[in-house]
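Given the sequences, and given the hints that come with them, work out the whole structure.
Take 870 as the starting number for the sequence shown in this note's numbering and just add one per residue.
It is possible that some hints are incorrect.
Stated by the list, open to error - Beta-carbon label-pair distances, calculated as ranges:
no., residue 1, residue 2, range
1, Ser-947, Gly-1038, 33 to 41 Å
2, Lys-1094, Arg-1050, 13 to 21 Å
3, Thr-1027, Asp-1099, 31 to 39 Å
4, Thr-1033, Ser-968, 44 to 52 Å
5, Glu-1089, Gln-964, 21 to 29 Å
6, Lys-1055, Gln-964, 40 to 48 Å
7, Asp-1099, Thr-1061, 16 to 24 Å
8, Asn-1095, Asp-1068, 27 to 35 Å
9, Lys-949, Gln-997, 14 to 22 Å
Just so you know, these hints were derived from the structure itself, not from any lab. Note that the structure is a prediction, hence the values are computed from the model and not measured. Just so you know, even glycine gets a beta-carbon here, dropped at the ideal spot from N, CA and C.
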Amino acid sequence: MNLLDFIKGIIIVWLAGISPLDTNNSSGCTNPDYFLAHRTACRQISPVVKTLEYEAAQNKALSIATMGSSVTGGMGASQKEKNWVSQLAQALKKQPGLSDLQVSNGGINGFSTQNMIDRQIPDRIIRQKPAVVLFETCLLNDYLQNIPIETTNKNIATIMNQLTQGLPGSRIVLLSPNPRRHGEVKNKAGHTYEDYILDTKAFIEQNGWEYIDIYKEMNETLAKKNMNLDQVLSDATHPNDEGYDLWANSVIEYFLKGPKRGNE
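Written out as structure tokens, the structure is:
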């Protein structure tokens, strides 16, 4: 999160009558009733797990819905339990009050952002009424299907508008997909895979939507561990078990601690 984004977040919570420096549990976002009454503002400064815990305190049946491509579905993992969605579910169910949390995996092989719209996937998600939606942006397939980046961004906006209108009380988090081999090669639309990653990230942040940059975090982890990309992929596109571990760790950390700030 850069300085401008941080300032925007501070402005939002102040306009909502919340002091981000307030540590008084009776009036701040650490109070469940207060959090639920000020969802939009409190989400700017609270980890996703707090949304789930506070909703659970109201005795609600909680669920998380995921939507995306085959890398959300877990292709390349040795077994279902190894994909990032299953690992996230296992971690969250250990948190207070979340043992009954339901997590659905809506990853569909080969799906692009255009497929998401054409097959009315947002409507399916809305009917589930989840507390949290995780939307993996399907950029691996937009790149492979030569969809212009401008169209990809337009599709993301269409999907987000549908989700936010259909699920006004839900928390929606977008995720990039993982790095891939040969992503530096331009497709027929004239874009590299990284072009899709960088352009959509800027578009998402410009709109103020929550975002986890899996692409960046996996690359940074590989560099720190002196590993190469081939070690965490099962083929040119899909992670193996170790790759899904890296993906899951990033999402779990975001859920439990919130977005990284500064040089974290």
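Now the hints, each set against the structure:
1. Ser-947 x Gly-1038: 33 to 41 Å: Since Ser-947 and Gly-1038 have Cβ atoms about 37 Å apart, the given range 33 to 41 Å holds.
2. Lys-1094 x Arg-1050: 13 to 21 Å: holds (18 Å)
3. Thr-1027 x Asp-1099: 31 to 39 Å: About 35 Å separates the Cβ atoms of Thr-1027 and Asp-1099, which means 31 to 39 Å holds.
4. Thr-1033 x Ser-968: 44 to 52 Å: violated (29 Å)
5. Glu-1089 x Gln-964: 21 to 29 Å: Given about 26 Å between the Cβ atoms, the range holds.
6. Lys-1055 x Gln-964: 40 to 48 Å: holds (44 Å)
7. Asp-1099 x Thr-1061: 16 to 24 Å: holds (19 Å)
8. Asn-1095 x Asp-1068: 27 to 35 Å: holds (29 Å)
9. Lys-949 x Gln-997: 14 to 22 Å: Given range 14 to 22 Å: holds, Cβ gap about 19 Å.
Hint violations for this structure: number 4 only, all remaining hints satisfied.
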